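Asker: Sequence:
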Amino acid sequence: MRIHCKVVVIAVCLGVFLLLYFLGGNAADDPPLKEVAEDYYFPTSSGLGNIVASKLTKKPLDELHILQKQPLTDRKEAKVVSRGGNAIAKRQRSDMGLGRLSSKHARAEEVMHLAVVACGNRLDETLTMVKSALLFSIKRIKFHIFAEDPLASQFEKKLSQWARAISNKFQYSIYPITFSVGNAEEWKKLFKPCAAQRLFLPVILKDVDSLLYVDTDVLFLRPMDDMWSFLKAFNTTQLAAMAPEHEIPKIGWYSRFARHPFYGVTGVNSGVMLMNLTRIRRTLFKNSMIPSGLSWEDLLHPLYQKYKNHITWGDQDLLNIIFHYNPESLYIFPCQWNYRPDHCMYGSNCKGAEQEGVSILHGNRGVYHDDKQPAFKVVYDAIHAYPFEDNMFQSLFYPLQTKFLDTVNTLCGRIPQVFLKQVEKTMRTVYEKKVVRHVKPPPK
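Here the sequence shown stands for residues -28 to -1, 1 to 416, numbered as in mature numbering (1 follows the signal peptide of the UniProt record, and there is no 0).
Derived by calculation from the structure, the hints in this document are not laboratory data.
Calculated pairs, EDC-like style, for lysine to aspartate or glutamate (alpha carbon to alpha carbon, straight line, at most 20 Å):
1. Lys130 <-> Glu361
2. Lys160 <-> Asp270
3. Lys204 <-> Glu82
4. Lys258 <-> Asp270
5. Lys103 <-> Asp362
6. Lys161 <-> Glu120
7. Lys103 <-> Asp353
8. Lys375 <-> Asp362
9. Lys130 <-> Glu120
10. Lys114 <-> Asp197
11. Lys323 <-> Glu219
12. Lys103 <-> Glu361
13. Lys397 <-> Asp362
14. Lys111 <-> Asp181
15. Lys349 <-> Asp96
16. Lys280 <-> Asp270
17. Lys114 <-> Asp179
18. Lys164 <-> Asp96
19. Lys258 <-> Glu269
20. Lys103 <-> Asp197
21. Lys397 <-> Glu328
22. Lys278 <-> Glu158
23. Lys397 <-> Asp197
24. Lys375 <-> Asp353
25. Lys204 <-> Glu300
26. Lys278 <-> Glu157
27. Lys280 <-> Glu158
28. Lys178 <-> Asp270
29. Lys114 <-> Asp181
30. Lys178 <-> Glu269
31. Lys111 <-> Asp198
32. Lys344 <-> Asp378
33. Lys204 <-> Asp181
34. Lys129 <-> Asp96
35. Lys114 <-> Glu82
36. Lys111 <-> Glu404
Quick list of the computed label-pair ranges, beta carbon to beta carbon:
37. Pro122 <-> Ala357: 20 to 28 Å
38. Glu120 <-> Lys323: 36 to 44 Å
39. Arg400 <-> Leu377: 19 to 27 Å
40. Thr250 <-> Ser125: 28 to 36 Å
Predicted model only: the values in this text are computed from it and were never measured. Quick reminder that beta carbons are idealized off the backbone N, C-alpha and C, glycines included.
Turn these sequences into a full structure, and let the hints steer you where they fit.
Answerer: Okay, here's the thing in C-alpha cells:
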C-alpha cells in the first residue's frame, strides 16, 4: 500500500511540474504576429480598358525580421569601381526603383559585359539604353562605351551622376573610336557613323570573354540576364548569336535585294549581337577569298574590299557574309529578342512577341524620335523620363500603360500586350520580392 501511495505522489508531482513548465513556456513566447492588411493594386496590361487589380499583403517590420532575416554577408561593404568618380558603396537592399535583393550567390556570379558604339547625337539615346539595362537586370553589368571625343566627356559626367544611387549595379569604361586594320575614315563612314566599330570588339577587348553588343536605339524590357543565358545554349561550334532580319522571306530585304551572300533565308540583324569573344579570337573562318581560313582580324579588311561596292547595310552585311560561309558558328535567337518596326508595321509577324511579349525593343528607322510608330516612342519616352530613385510602378509602368492608350489604333500599338507583357512580368516579380506574402492564418 505504501508503494502505491508513493507512486501516486510521484505522478502528481510530475504532472504539476509539466503543467507549470508549459504554462511558463507559453508566457515567455513572443505574442502572436499581428496581420496588417494593406492593399496594393498592380494594374495589368491584359486589358487597358478594364484594369485588373492584384492584391498583395505587406508585413510589419517585426514580422519581416522574423520571417526573412538578412544574411550577414549582405551587410558587408562591396567596392564598385566606376570610371569618373569614387564609387565605393555599402551593398544594401535595393530600393523600389531598382527592386533587387542582394545575395552572396548573386555577387559570386560573373559580371555581364555590354558594349555600345555612340557617335553624333546619340548621347541621350545611349543613356536611355543603359538605363533600361540597369532597371531590370539582376547581375552587375560592365558597360564598354565606344564614343567620339565630344561625347566621351558627356558620358563621363552623366554616368558619374548615377553612380551614387546604383553604384552596385554597374561599372563602365569609355573607349575612343579605333580601327586596327584598313582606312579608319572609310570604316567610320560605313553605313552609319562609327557603326563598323562593333566588328573590331574581339580585337580591342582582349580581356573580355563574352559580350553583348547592342545598337544605341535598343531598350531592354526584361533582365539582360535572360539574354546572357543564351551563352549557355551555344554548342561547341557556335560563337555568336543574332535574330533573323525578317520572319517572312517574301517581304524580307536580303531575300529580295541583296547582291552578296547572306546567312540563311532572310539574313540576320546585328543590332543585338551576343558574342563569345574568346571563341571568335581562336577561330579560323571559312571564306570565298582563300582556301584556308582566316582569323577574325585578318578577315575584316579583305572582306570589305571585295564586297564594298555590293553592300548596303555596312557592317551588318559583312557579318551576314561571314556567317553565310560559317553557318555552324551562329546561334539564332527568336524575334522577340530584337523586335523592330518591321515586325508590326506591315502586320504582326513575330509570333514569339505575340505569345511572350517583347524582350528587347529595337527602335531602328528613328522611331523613338518621330511620330511614325508611336508605340515605340511611348516606351522610349517612359524609360527616358524615369528617375532611378522613384517608385518603378508609379513613375514608369503606370505612365507607360496610360500613354499606350493613344497608340492602340496604330498597327504596332493595336496589341498592347506585345509591348507591355514582359515589363509587367518583370515589375511584378520585383514588386513581390518587396512584400512578404506569407501571412500567419488567423486562430480558429
